[in-house]
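Protein chains in written order, with our numbering: chain A, 4 to 385; chain B, 2 to 202.
Take these hints with a grain of salt, some might be off.
To be verified - Pulled a few chain A residues facing chain B out of the computed Cβ check, cut under 8 angstroms: (1) ARG54; (2) GLU348; (3) VAL352; (4) LEU371; (5) GLU372.
Just so you know, these hints were derived from the structure itself, not from any lab. Beta carbons are placed, not taken as given, at the ideal position from N, Cα and C, and that holds for glycine.
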Amino acid sequence: MAEAAPSDQHSVGLVTAESADFSGPFPLASGESLPAYTLVYECYGALNADRSNALLICHALSGHHHAAGYYDLEDPKPGWWDTAIGPGKAIDTNRFFVVALNNLGGCHGSTGPTSTNPATGRPYGPDFPTVTVPDWVNAQAALADRLGIERWAAVVGGSLGGMQALQWALSYPDRVGATVAIASTPRLSAQNIAFNEIARQAITADPDFREGRYLEAGVVPTAGLRLARMLGHVTYQSDDGLREKFGRAVRTGDLDILQDVQFQVESYLQYQGKSFSRRFDANTYLLMTRALDYFDPARAHGDDLVATFAAMKAKLLFISFTTDWRFPSARSREMALAALRAGREVSYVDVDAAQGHDAFLLPVPRYLEVLGTYLRGLEPRP
Amino acid sequence: MTLRPDLKLIAAMVPEGARVLDLGCGDGALLAWLATHRGVRGYGIEIDESQITRCIARGVSVLERDIDEGLSDFPTDGFDVVVMAETLQAVRKPGTVLEHMLRIAPRSIVTFPNFGHWRCRLELASAGRMPIARHLPHAWHDTPNIHLCTFADFEALCAERSLTIYDRKVVNAHYESTWAMNHWPNLFGTIAVYGLSRPGA
């Protein structure tokens with residue numbers, strides 16, 4: 004069912020993905036490099052005359068370049084952040100020229116493990132080099148150059164996307180006006196890494212994983228991907244959120260202990276896992292969770308978050324959600340206080356929402372009001 | 002932009018270019034005024050959702066948090082002045098908050114309503130009811146003001162904690178100062194603006 008018809012006045016309407024090819028070599032943090040790469044992206048709104056209204060959207064683990072609008076009139080679902088992006092919405096395309104891309108190593112069109120390795124003529128698969136959040140930001144900067152954008156009015160992202168927004172302010176302090184990091188963290192906790200590792204083990208233990216060369220073998224490790232997604236999905240939700248949605252409701256009538264799937268929450272998770280395993284590449288999942296694990300910008304600043312924020316110039320907005328236990332409010336609060344100590348212009352809002360980490364993708368009224376109010380204050384000329 | 006009269010009194014006590022932390026900053030009016038007119042770089046702390054949005058709308062740096070959850074993670078000497086306007090009476094541990102304020106900055110500016118005003122005394126003495134007045138508009142069971150005190154009480158607390166009062170302005174509900182309240186502040190003053198500094202300073 005369509006959440007909003009393309010004719011909706013607050014929808015960006017029909018959009019098309021574009022792609023940009025870059026010749027390498029593109030050096031990576033690991034010391035390796037990519038000979039050449041392609042980035043797919045979408046743009047919404049119009050770039051103003053002095054190119055001061057560009058806003059970059061950074062995606063999270065399972066996101067991509069299709070952040071808003073529809074591809075055709077039959078499209079059942081809009082882009083993944085359509086609740087926030089559009090004319091008159093929090094990320095207002097009447098004011099901003101919004102760019103969203105699929106990151107390097109992704110599986111939605113940008114160069115990644117499913118792309119052909121020019122050295123072998125076969126898919127990269129497990130040979131795709133390790134990429135980090137700073138690598139992504141460097142690739143995004145190359146795209147910004149291509150689009151003629153010297154400076155972003157704002158770089159905005161949730162979760163892993165928030166990490167990229169922070170990295171932008173560190174890697175390119177003169178190219179970012181404002182950084183908006185939603186439900187994010189300055190580094191993963193041991194618990195976060197532990198969950199990622201279980202997800203990775205689920206994938207690599209699948210016999211169809213074939214040490215990452217499943218594409219060449221013509222198989223897909225769907226069972227592993229499904230498990231990884233189910234695990235991840237539970238960590239994105241709150242206890243309260245799941246209770247509200249499903250409680251202990253059973254699928255049909257009475258409990259039947261001979262049945263495989265009993266509770267609504269089980270069938271929901273299985274559905275999430277199944278649909279994800281059809282559209283996501285296992286090697287990309289491994290690569291993205293590694294990028295999450297490695298992210299720790301304070302390391303280069305003596306493990307000092309205050310020094311990290313002192314190296315930035317952008318002003319900052321942090322938003323967290325009270326029931327997010329994956330990247331809890333305390334992490335955003337810690338960043339906000341470090342930014343304050345570093346003398347940055349910074350605001351922090353802790354939104355009371357029941358939906359856990361996933362709230363950043365949902366139409367939570369206060370969250371979208373704060374985001375919209377903040378971005379309106381950035382004063383780019385349309 | 003005209004500033005609310007009580008905030009005007011505070012603003013007059015903030016030096017040019019100071020780093021200011023405003024506890025219970027409300028809609029950010031003071032910080033916005035200080036930024037424009039005094040070159041002040043300030044941060045507000047607020048708990049009320051709609052007030053926070055107003056701060057963000059006027060470009061004031063604001064951090065959502067509950068003062069009662071503590072201020073210990075704010076750095077010692079991280080600011081020049083900590084301001085707390087009409088908030089002291091609403092916090093759980095006013096003494097602890099005052100001590101933190103003077104740890105975070107060498108100077109603090111505090112305002113609060115006077116429970117020792119003659120109208121309050123009269124109402125309590127004659128009607129035997131908790132007073133409701135222009136500067137104390139809430140019923141006893143539905144008020145954020147859980148720690149009401151008189152000027153004398155506050156000054157006793159400062160003495161007990163060795164906090165120095167370097168300035169005091171006493172005004173009425175119209176933020177005017179009169180001859181009577183200069184002589185008998187605890188009887189005739191409704192609101193006081195105190196400037197505090199560290200012990201021995």
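Status of the hint placing A:ARG54 at chain B (closest C-beta pair under 8 angstroms): Status violated, d = 23 angstroms.
Measuring from the C-beta of A:LEU371 to each C-beta in chain B, is the shortest one below 8 angstroms? With a minimum Cβ separation of about 11 angstroms from chain B (threshold 8 angstroms), the hint on A:LEU371 is violated.
For the restraint on A:GLU372, tell me whether the closest CB of chain B is nearer than 8 angstroms. 6 angstroms, holds
Answer holds if the nearest beta-carbon of chain B is closer than 8 angstroms to that of A:VAL352; otherwise answer violated. 5 angstroms, holds
Quick check on A:GLU348 please, does its C-beta sit within 8 angstroms of some C-beta on chain B? 5 angstroms, holds
Comparing the model with each numbered hint stated earlier shows that hints 1, 4 do not hold.
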